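Protein chains in written order, with the numbering used here: chain A, 200 to 630; chain B, 200 to 630.
Please keep in mind that the hints were generated in silico from the structure rather than gathered at the bench. Keep in mind that the hints are not guaranteed to be accurate.
Each pair may be met inside one copy or between any two copies, as identical chains are not told apart.
Unchecked claim - Calculated pairs, DSS-like style, for lysine-lysine (alpha carbon to alpha carbon, straight line, at most 25 Å): (1) K287 <-> K328; (2) K280 <-> K335; (3) K278 <-> K502; (4) K365 <-> K506; (5) K328 <-> K306.
Keep in mind the model is a prediction, meaning the values are calculated, not measured.
Number of protein chains: 2
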Amino acid sequence: MEISKQIGEIKTKNNIEVEDEKVESDLRNSALKIADEIGMSSEFCGRLLNILLTESVRLQNVQQNDNEQRQTHLSIFMKAKQLQAMGKNVIHLEVGEPDYLPPKNVKIALGRIYDLQQYHYTETRGIPKLRQAIAKKVGNGITDEQVIVTPGGRFAVFSAIVSLVKSGDEVIYIEPAWPAYRECADFIGAKTKILKTTLKEKWNPDLKRLEEMINNNTKMIILNYPNNPTGKILNDNAMQRIMDVAKDYSLYVLSDEVYSDYSFNRFKSILEYGYDKSIMISSFSKGHAMTGFRVGYGISNKKIIAKMSAIQAVALTSVAEPMQYSALAAIDDNSLNENVKMMRRRLGFVCDKLQKMSLPFVAPDGALYVYPQLREGMDDDTVLINKLLDLGVAIAPGSGFGESYKRFIRISACQTEEVLEKGLEVLSSTL
Amino acid sequence: MEISKQIGEIKTKNNIEVEDEKVESDLRNSALKIADEIGMSSEFCGRLLNILLTESVRLQNVQQNDNEQRQTHLSIFMKAKQLQAMGKNVIHLEVGEPDYLPPKNVKIALGRIYDLQQYHYTETRGIPKLRQAIAKKVGNGITDEQVIVTPGGRFAVFSAIVSLVKSGDEVIYIEPAWPAYRECADFIGAKTKILKTTLKEKWNPDLKRLEEMINNNTKMIILNYPNNPTGKILNDNAMQRIMDVAKDYSLYVLSDEVYSDYSFNRFKSILEYGYDKSIMISSFSKGHAMTGFRVGYGISNKKIIAKMSAIQAVALTSVAEPMQYSALAAIDDNSLNENVKMMRRRLGFVCDKLQKMSLPFVAPDGALYVYPQLREGMDDDTVLINKLLDLGVAIAPGSGFGESYKRFIRISACQTEEVLEKGLEVLSSTL
Chain A
200 MEISKQIGEI KTKNNIEVED EKVESDLRNS ALKIADEIGM SSEFCGRLLN
250 ILLTESVRLQ NVQQNDNEQR QTHLSIFMKA KQLQAMGKNV IHLEVGEPDY
300 LPPKNVKIAL GRIYDLQQYH YTETRGIPKL RQAIAKKVGN GITDEQVIVT
350 PGGRFAVFSA IVSLVKSGDE VIYIEPAWPA YRECADFIGA KTKILKTTLK
400 EKWNPDLKRL EEMINNNTKM IILNYPNNPT GKILNDNAMQ RIMDVAKDYS
450 LYVLSDEVYS DYSFNRFKSI LEYGYDKSIM ISSFSKGHAM TGFRVGYGIS
500 NKKIIAKMSA IQAVALTSVA EPMQYSALAA IDDNSLNENV KMMRRRLGFV
550 CDKLQKMSLP FVAPDGALYV YPQLREGMDD DTVLINKLLD LGVAIAPGSG
600 FGESYKRFIR ISACQTEEVL EKGLEVLSST L
Chain B
200 MEISKQIGEI KTKNNIEVED EKVESDLRNS ALKIADEIGM SSEFCGRLLN
250 ILLTESVRLQ NVQQNDNEQR QTHLSIFMKA KQLQAMGKNV IHLEVGEPDY
300 LPPKNVKIAL GRIYDLQQYH YTETRGIPKL RQAIAKKVGN GITDEQVIVT
350 PGGRFAVFSA IVSLVKSGDE VIYIEPAWPA YRECADFIGA KTKILKTTLK
400 EKWNPDLKRL EEMINNNTKM IILNYPNNPT GKILNDNAMQ RIMDVAKDYS
450 LYVLSDEVYS DYSFNRFKSI LEYGYDKSIM ISSFSKGHAM TGFRVGYGIS
500 NKKIIAKMSA IQAVALTSVA EPMQYSALAA IDDNSLNENV KMMRRRLGFV
550 CDKLQKMSLP FVAPDGALYV YPQLREGMDD DTVLINKLLD LGVAIAPGSG
600 FGESYKRFIR ISACQTEEVL EKGLEVLSST L
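Produce the complete structure using the sequences and hints provided.
What follows is the structure in C-alpha cells.
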C-alpha cells in the first residue's frame with residue numbers, strides 16, 4: 200500500500216494516467232498462469248487480483264483523493280439550491296427534473312391517503328395493485344411476480360448491482376454515463392470497465408471492443424438508452440449484438456430505461472429480447488414528472504427479483520405506501536403524451552440555439568438533454584460551469600459523466616422555452 | 200471451503216454448535232502472534248481472519264443454508280398478509296404497527312402537497328425545515344447539520360453500519376434483538392459478536408462480559424432501548440458504564456431509540472452522554488403511528504452524518520419530499536401523549552392476561568411489546584406460531600430475535616383491548 204502511494208505520486212508528477220489496461224492485462228495473464236499451476240480457480244484468482252488492483256488504483260489516485268468532490272450534475276444542483284436559499288435567482292438547466300405538473304389523479308390520490316389509511320408497511324416488493332399495473336404497462340408477458348417497486352430508479356440500480364455483483368467481479372458500462380452505475384459498483388468493491396464512446400462516432404459503442412473487455416470475472420453489462428447525457432438510442436442491430444454477447448458469456452444485462460417514455464425514434468426495451476438474465480429499470484420520475492415521489496421499479500426473472508427484494512428488506516423494509524398509491528394513480532394518465540411532445544419541441548429549441556453558437560452535438564433520439572462539445576479555446580467544463588453559476592445559470596459539467604468528457608456540457612430541457620432562452624443567452628455570451 | 204463444508208456436516212451430525220468462541224479466540228491469538236513476527240499490522244491480520252472465519256461459519260451452517268428462511272416477525276407478517284388476501288381474518292399481534300391514526304395535521308399536509316409542489320428532489324440529507332424541527336425536538340444542543348432524514352429508521356441503521364464498518368470489522372450487539380442489526384452487519388461482511396441477556400437477569404447485559412468481547416477489530420456497539428422485543432430500559436448507571444467502555448476503546452455506539460416516545464420509566468437518550476462517536480436513530484413510525492410513511496432520522500457528529508449521507512446519495516438520492524412534509528406536520532402534534540398512555544394501558548392488559556396463563560415475563564419499561572417465556576412441555580416458538588396462524592392469530596416467534604430464544608414469543612400491543620383479548624384467548628387455549 201505504501202509503494203502504491205509512492206507510485207501514484209510519481210505518476211501524478213509525470214502526468215501518467217493511473218490506470219493502464221496493458222499493464223493490468225499482462226498482470227492478469229501472469230497471475231492466471233500461476234493459478235493454473237497451483238490448481239487455484241481462475242475465477243477466484245481474477246477476483247482476488249481485481250480487489251488488489253482496485254485498492255491500488257484508489258491509493259494511486261492522489262489528486263482525486265485530495266479533491267474528492269468531483270463536480271456532477273447533482274453537486275451543481277445542490278450548489279444552485281444553496282445559492283437560491285441565499286436569495287439568488289438560478290435558472291436550472293443542470294437537473295433532469297421536469298417543470299410540468301404530475302398527473303391530476305395524483306392530487307386526488309394524495310387527498311385520499313389519510314382516510315383510506317394507505318400508510319402502512321407493505322410487502323417489500325410493493326403493493327400488488329401497483330405491481331400488476333406496472334406488469335401490464337410494460338407488457339412482453341411480464342407478470343407482477345417479476346416486478347419490484349423501489350424508492351426511485353436509483354435504488355433499483357443499487358439493489359440489482361449490490362445483489363448480483365461481488366467484490367472483485369467486473370462490471371462493464373458505456374461512457375458518458377450517469378455516475379450512479381460507477382458509484383454502486385464502487386460501493387460493492389467491483390471493478391468497473393468503461394467502454395468509451397465519442398461524439399465523432401455518434402455515441403455508438405465499439406461492440407468488438409466490448410467483447411474484448413469480457414473475461415471470466417465479468418458479471419454484468421450496464422446499458423442506458425435513451426442515454427443520459429447524450430440522448431442516444433442504440434439501434435436494434437447493435438442491441439441484438441450486445442444481447443448475443445451477453446448470452447454467450449452468461450452475463451447480467453442491466454438496462455436503465457428511465458427515459459424510454461421520451462423516445463423520439465424507435466426504442467426497443469430489453470424486455471423484447473427475452474433474455475433471462477436481463478434487468479429492466481424504470482421509474483415514474485421522468486415521464487410523469489414525479490421525481491420527488493421516489494417511485495421506480497425493476498423487472499427481471501423471479502430469482503433476481505427475490506435477490507433485489509432481500510436487499511430492499513434489509514435496507515428499508517418497504518417503499519412509502521402513500522407514494523405507491525400516488526404512482527398507481529399516475530400510471531395510466533395520458534398527460535404523458537403531451538409531456539413527450541413538449542419535451543421534443545424544447546430539445547429542438549435547444550439544438551437550434553446550440554447550432555447558432557457553433558457547438559457540435561448529436562441531436563438526441565430521446566431523453567431530456569443535449570450534450571454539446573466545447574470548441575477549442577473555450578474553458579474546460581468546470582471552469583465554465585462555475586462562471587455560469589455566478590451569472591445565475593446552472594448547467595451540468597460533461598466530466599460528471601466520465602473523466603474524459605471535460606470538453607462537454609449537458610443542458611437539460613426541463614424548463615419552458617422562455618427560461619431556456621434566457622439561460623442559453625447567458626451561455627452564449629459567456630462562451 | 201470444501202473442508203469447511205465437511206466440518207459443518209460432521210458438526211451437524213453430532214449436534215455440535217458451529218461457532219466456538221474458545222477455538223476462535225485461540226486461533227486469533229496464534230494468528231496475531233504470527234502477524235507480530237512478520238511485521239503485519241495486527242488490525243489488518245484480525246480483519247483478514249474475521250473474513251475467513253465468517254465465510255467458514257457460513258459454509259458450516261449446513262442446516263441454516265438448507266432452510267434459509269428463518270421465521271421473524273416480518274416473515275410472519277408477510278404470511279399473515281397473504282392469508283388475508285385469500286380472505287382469512289387475521290389478528291395482528293406480530294407487528295409493531297400502531298392501529299391508531301397519524302396526527303390530523305398529516306391529513307392537511309397530504310392535501311396540500313400537490314398545490315404547493317412539494318414533490319421534487321431534495322437535499323440528500325433532507326429538507327432544512329424538517330432537519331431543524333428534528334434538531335429542536337431532540338434538544339441537547341443538536342443542530343440541523345447533525346441530522347439526516349432517512350426512509351425509515353431502518354435505513355439510518357443500514358447507512359450508519361455500512362458507512363462506518365468494513366468487512367472483517369467486529370460489531371457487538373445485545374440479544375434478543377431486532378434482526379436488522381445482524382442483517383446490516385452481515386451485508387457488509389462484518390463479524391457480529393452477540394452479548395446474550397436472559398429473562399432470569401431481567402434482560403440486564405453482563406457489562407464485564409461486554410468489555411471482554413472487545414478487541415482491536417471491534418468498531419461498534421449497537422444498543423436498542425427501550426428494547427424490541429423485551430421492553431427493557433437500561434438504567435443510567437449501566438448506560439454510563441457502556442459509554443465509558445466505548446470511549447476507552449474509541450468505538451462507535453449506535454443507539455436505536457425508535458421506541459423512546461414509549462418510555463414508562465426514566466429513559467435517557469444517548470445524546471445526553473455527549474459522546475462524539477455516538478449515532479442516535481429514531482423515526483416517526485412508532486410514536487406518530489406513521490410506519491408506512493417511511494421517515495426516520497439519524498443524529499451524530501457532522502463527519503458521520505456526511506458519511507451516512509454519501510451512502511444515501513448513492514442508494515436513493517433523497518427521501519420522498521411529500522413524506523418529509525408529512526413528518527414535519529406531525530412532529531409537534533400532541534396526540535403523542537394520548538398514544539403513549541393508551542399503549543401503557545394495553546401493555547398492562549397483555550401482562551395481566553399472560554400472568555393468568557402463568558407465562559413468565561418481565562413487565563416492559565417501554566416500547567410496544569411483551570416477550571414472555573414458554574413453559575416446559577409447551578411447543579417451541581415456530582411450531583406454536585404456525586398453529587396460531589392457522590387459527591387466525593399472528594404472533595412473532597422469539598427466535599426471530601436470536602437463535603437461542605426459541606422458548607419465547609413476542610406479543611405486540613398495537614391493537615385495541617378487544618382485539619388483544621380475542622387473540623390472547625386463542626393463545627391461551629392453544630397453549
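Hint check:
no.	hint	verdict
1	K287 <-> K328	between (44 Å within a copy, 19 Å between copies)
2	K280 <-> K335	between (38 Å within a copy, 23 Å between copies)
3	K278 <-> K502	between (41 Å within a copy, 19 Å between copies)
4	K365 <-> K506	both (13 Å within a copy, 22 Å between copies)
5	K328 <-> K306	both (19 Å within a copy, 23 Å between copies)
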